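Given chain A, put chain B in place with the hints provided.
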Amino acid sequence: MSHAQASKLGNFSYGKIHRDLLGTLGVPSKAYIALILFCLALAGWGGIAWGYLIFTGMGVTGINNPVAWGSFITTFVFWVGIGHAGTLISAVLFLLRVPWRTAIFRAAEASTIFAVATAGIFPLIHMGRFWTVYYTLPYPNGRELWPNFRSPLVWDVIAISTYLTVSAIFFYIGLLPDIAAARDRAKPGLKKTVLLLLSLGWMGSFKQWKHYTAAYVLFAALATPLVVSVHSVVSWDFAMSDVPGWHTTIFAPYFVAGAILSGLAMVICILIPLRHVFKVKHIIRRYHLEGMAKLLVAVSIIVGYAYGVEFFIAWYAGNPFEVAIFKYRPTGDFAIQFWIMVVCNVIVPLLYLFKKVRTNLAGLFIVAVLVNVGMWFERYNIIVSSLSHEFMPHTWGLYSMTWVEWSILIGSFGLFFFLYLSFIKVLPAISVAEVKESMPHPLKEKH
Amino acid sequence: MLVDRRNFLKSMGIVSGTAVMSCNRMAPEEKLSAYLTPPVEMVPGVAAYYATVCRACSAGCGILVKTREARPIKLEGNPAHPVNRGALCARGQAFIQSLYSRARIKTPLMRQDGQLVAVGWSKALKAVARQMKGADTLGLLTGAQSGSFKSLINDINDNLAPIQHVMTEPVALSSMAAAAKALFGVHRVPRIDLSGVDQLISLGADLLDTFVSPVELSRQWAERHGVAAGRQLQLDYVGSRRNLTATAADRWYCRGAGDVEQLAVGLLHRVFQSKRPTLSAAVARAVNAAIDKLGPAPKLESDTQKVQTELTSRLLAAKSGLVLFGGAEVLGAQATAVQAAVLLTNYLIGAIGPALKFEPNHILSNINSEQEVLDLLEASAQGTAEVLFIHQANPVYTLPQAAGITTALAKTKMVVALASEMDETAALADVVLPVHHPLESWGDYELTDGIAGLMQPVRAPLYDSKHVGDLLIELVAHAGTKLSHKRFKDYLVRHWSKWSVQPGYQASVPSLPAPGDPPDGGPEPAAPAPTKVERPTELSDREWEEMLVRGGRFLDAGGPQLTKMKLYANAELPRFAARPAKGSVELIVPLSPSLYDGRGAPLDWLREVPDSLLQTAWEIPAEIATDVARANGLTTGDRAELKSASGQVQVKVIIDDDLAPGTVALRPGGGREVSRHTEDTANPMALLGGKTDPTSGELSRRETITLSRIDSGELTSVMGHPNSEGRLLALSMNLDDFNRGQYPIITRHGQVEPAEHPHEHKDGADHHHPQPVPMPHDDEKNRGKPLKDNVYPLQDLPDHRWGMVIDLDKCTGCGACAVACYAENNVPVVGKAEIQLGRELSWLRIEKHVFSGDGTSRVQFLPVMCQQCDNAPCEAVCPAFAASHTRDGLNAQIYNRCIGTRYCSNNCPYKVRRFNYFDYTREKPANQQLNPDVTVRTRGVMEKCTFCIQRIREAQNRHQVDKTPLEDGEITTACAQTCPTGAISFGDFKRPEWAMSKLAKDPRGYRLLDYMVNTRPGVVYLRRVNTVSKQNKGNR
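Protein chains in written order, with our numbering: chain A, 1 to 447; chain B, 1 to 1036.
It is worth saying that the hints were derived from the structure and are not from the lab. Here the structure is a predicted model, which means the values were calculated and not measured. Just so you know, even glycine gets a beta-carbon here, dropped at the ideal spot from N, CA and C. Hints are supplied without guarantee of correctness; some may be wrong.
[Unchecked claim] A few chain A residues facing chain B, derived, Cβ under 7 Å:
id: 1; residue: Gly-15
id: 2; residue: Phe-55
id: 3; residue: Met-58
id: 4; residue: Asn-64
Chain A on its own, in the form it takes in the complex (with noise of 0.2 Å):
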């Protein structure tokens, strides 16, 4: 099976391509204007309970002693995992050569940056005083004091901050020849300007394509090992503690697979009105989709497998608190949101085994709505239950989200789809370019 016929790109020609896809770059209609405005309100007021949280003290969440870590720590998780998808798709299955990413990498990439932009801002909301939070970057001093090397949340700083760069200059270098055709579409204006300084002087010669691609692989396989590094540098956050549920070798690779489950979740959600809005679904056919869904499922099974493996190193290890922990998941007082997140990740996702699911949008759009809130279930449910039923049963307490919590939580899905709407506008969230080398040659004709 030839590649133009697996990506099922058959009869439109390049032209069309260039003018459908550069053609979604064009006025925004009334109701983008609506949704971007409340996007950036929902933003807005994630940003005034930030606010109000950074005058009065950390006391208006629901955090406490035992339960030091709560719904920021969560969310700071999620967003880090749904920014897995993106280089995963982009980098990984360019390197596998898996013909079904090339019509939706770039809008995968986009939400990777955006959810990891979104996630590098709890960790700042969540600390007692986020206005010292250069204490924890190795800048120099008089007092040469450095962070300490030996605490995860350093690891952390560096695993976030060089993956968040890796995957912007990927997705930057994929975007050039892209921002280069916009450029030549665009008007002269400030934007033809702006677009004329970002595309780097892309001409599209025959040189410039021998360096990109040569670059783009190079990108490519240095930005594979962070998808793997940087999910297991934040789970060793929780690994390297001593806490019950946290300190187990399993958690790396576990929240590896979680994180991609939830970006390619949360790509699925993106894709489904993406195309429908852009009228691209000749591009992004439910062929991508499934592969996706394909994916997910697979993915979704080794999650169900590594919560299994917990419970059985939990019996088979015998250490007594964390039997005791494994014992009050399922039954104690969190054990809502344990059983929402086995559902939701474990056994909503086996419907994607079945084709009618798989290819109908409907499904596909549910099911992946349903494992974004087991993913987050699933930090809260290993954040907030393992820190409330530690080592001493007197310390044990229980933790629920206030008003300023669910606020910063909205507010942060504000943000994310306020920088993705954005970004669609802007820039062709489908590459041109890509789409149009994935067509069989004798369709290409002059513009």
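Quick look at chain B alone, frame taken from chain A:
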């Protein structure tokens, strides 16, 4: 002009100086002036200590007030004082808060049109003096007063008008004095001395909670009960609540107050039966006559009968036994009869003299009964006493409302409150005159002739108040009469001159050999005639200063002469009647170890530090027995209405599994306007009918009530879970195993009980032997060496490894350590709502662990503070090195480096790190109490115990200057310093010869959770040793 450096600086100086001067109007004017001649003892940055007396209750413990820059910041026990020997209870630690209380009265108040309004001193004084001038009789109601105050009152009595002076203190054992009067002819309360007692049977006397002198009795109990001293004293407690005493007791028998009374009388019968053959005919006859008066032996239920048999045999088997009766929770309307039975029992077993010391001038002997207080109030209402002064007493709150005190006060011509804090009684007074707080006052507190505490002011008065003595002198002067002295201090010095030992004078109270002979009923030998001496008019300055520094005058060994107790041949005793039929719910009103009779309620530390027994903070719930709860459909946290014939209250309830069936206990402290968070609390005195024991006049603290549920709610509990879930936390062992020298062993896999120890094989191989986890002395040997059970070698600590030993066998859970920690370390009070969310900032908590099963249960307390781990999990995870290890083995917390990730808290297995969720401010003037050596933490940072590092550094700095080595016992933490039983000791593991290091090698020792998390803490806990492995549960 050439602008060179000098000119530039000059002109800049002028410009900035002018700028600063002109800005000066912006800021409020504050005067900062240096001492011309600073007081000699005041060195900035160095604490000065002043000895005085704690007046939080009638025990009269000596205190040292730590002042910094002329501000009192902390109270510590006076080591020279024989009552408390350096220790203080929770109330004593919090007593300083009453100095800075928000309820302090700032100016004189007078009632005008029904309202108390602020007036000037002269107007108030004139008004009172006018009333005094024509008065035939004056009334005076005070708390316990002694010595110089008494001589002032006598002076007024002689020169102006007769004064009816009535003193009141809660549970002052008037019934015991009345019983002693009836049996032996002396109206006296004895001092209790456990130093020779082997078997103590306490019938409701909560000697470790509130009974008479809890700090002193706790120490005496621990000294003989602790297994370190060979468990020479066993304590059997019979009472309706599992209070601190019951928890610490070797055996606890849960019996309702009525049962306890009957047991007491029954015990006398049994003891008499077996002792009779050994008694002389005269004594036997006298005892028999007394028993006849009391009535026949009560008919006990079979299980109570069994308890009585057990107690009797243990009491008779003991070399020296003692029976105590009369804690707040058992005092009823027959108190004198029961006390008489108990005194007779003690007489028969020879406890009177060695253990119950009847000294001539014990202050409690002079305290009046509640009935006498009511009589005084009634007399005032009827116009007998025209002016009623009330000082250090709050009858409106502490006595039953049904007794009509409010009406009596309203009818009295003039009620003058001489108060330092606003309370319920002052609010009803006609004139309120602010007097100095005891910490601002001269005075004395003579517990007995042998123990006289001297009080000195430790700071300038905070408000426009007067010393109560000076005030009375001034009033008398206004009324036109002259007294012998113009100032109260002159009375004090004059009174204390009796202690003068200047050449030419002889002390009026010579140190005489004691204790008295065993009771034989024989004739009392003639007391040695007191040497007639002429009292000096003045003490020498040196003597006065010595006494001030020492905190008073304390007789050495022996104490004052004991009164010979001769049993009357035909004592007049009330008859003891068996209690009424069952079926009703009985309310008991015990005293609270922290709030006492309610006076602790305005002090935030005492409310914030959770009650050890109930593990609730800020709440004062009614404890209800399980059967009462079931019958009334109540669950813990519900609001209920408690109703008696005299009134009703609405309170939250807590179900107490360890309460005798049919019992409800409500402690005072609730419903006070002067305290915070009074919602759903109430004064139990609204329910009591005001019944008193007819013989002694002591208040009955029991009442029949009914309950009904209002609605549900939630209690502010700090306890996440009541039991240890099998984890090795609060550990104990059996006395039998201890005596055999067989200790449980803790290995990396858990605990191996002595019975499970494998026997050594004959081939000598002991690989089946359990491998105990290392202890600190093992760690000290292995520092820097590779270890099998540790990835890295332990860190090398060159000079010190500070450490602590907590002997759980001595810990009573009194909570003094927790309050001391608040005082020492500027720990903020967060309030009820925050504690409900789990945000208390206590650095030291007392955990309650309940071990229950098959109808039995045992309670053990576990004080937990930062364990100062060698392998500290908190340190590795802090990204900013805010949590880091010091070179002397402490887990330091650098507050200004903390960024608030709270990772350290997650990783702390002990959960002893506390986060500042908000900025916690102290109301003025409470901010003056802050310890300047300890940083006040800002919002957003983590804080924790560091073994009072400021005390360590203070001593080290001192020795740095002196170039002398540190001595054992020189450094101690606030918690260890105040512990009444000496359960906590502090030291250095690098000094094996220091006491703490020796204690840490006790085979009872273990380190918390170390077996699983390998943290290698610096705190060693010593197991509690249980005489009986399981106690009966309250609700049988």
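To see whether the hints hold, each was checked on the structure:
1. Gly-15: Status violated, d = 55 Å.
2. Phe-55: The hint is violated - Phe-55 (chain A) has no Cβ within 7 Å of chain B, the shortest such distance being about 10 Å.
3. Met-58: Interface hint status for Met-58 (chain A): holds (5 Å vs cutoff 7 Å).
4. Asn-64: holds (4 Å)
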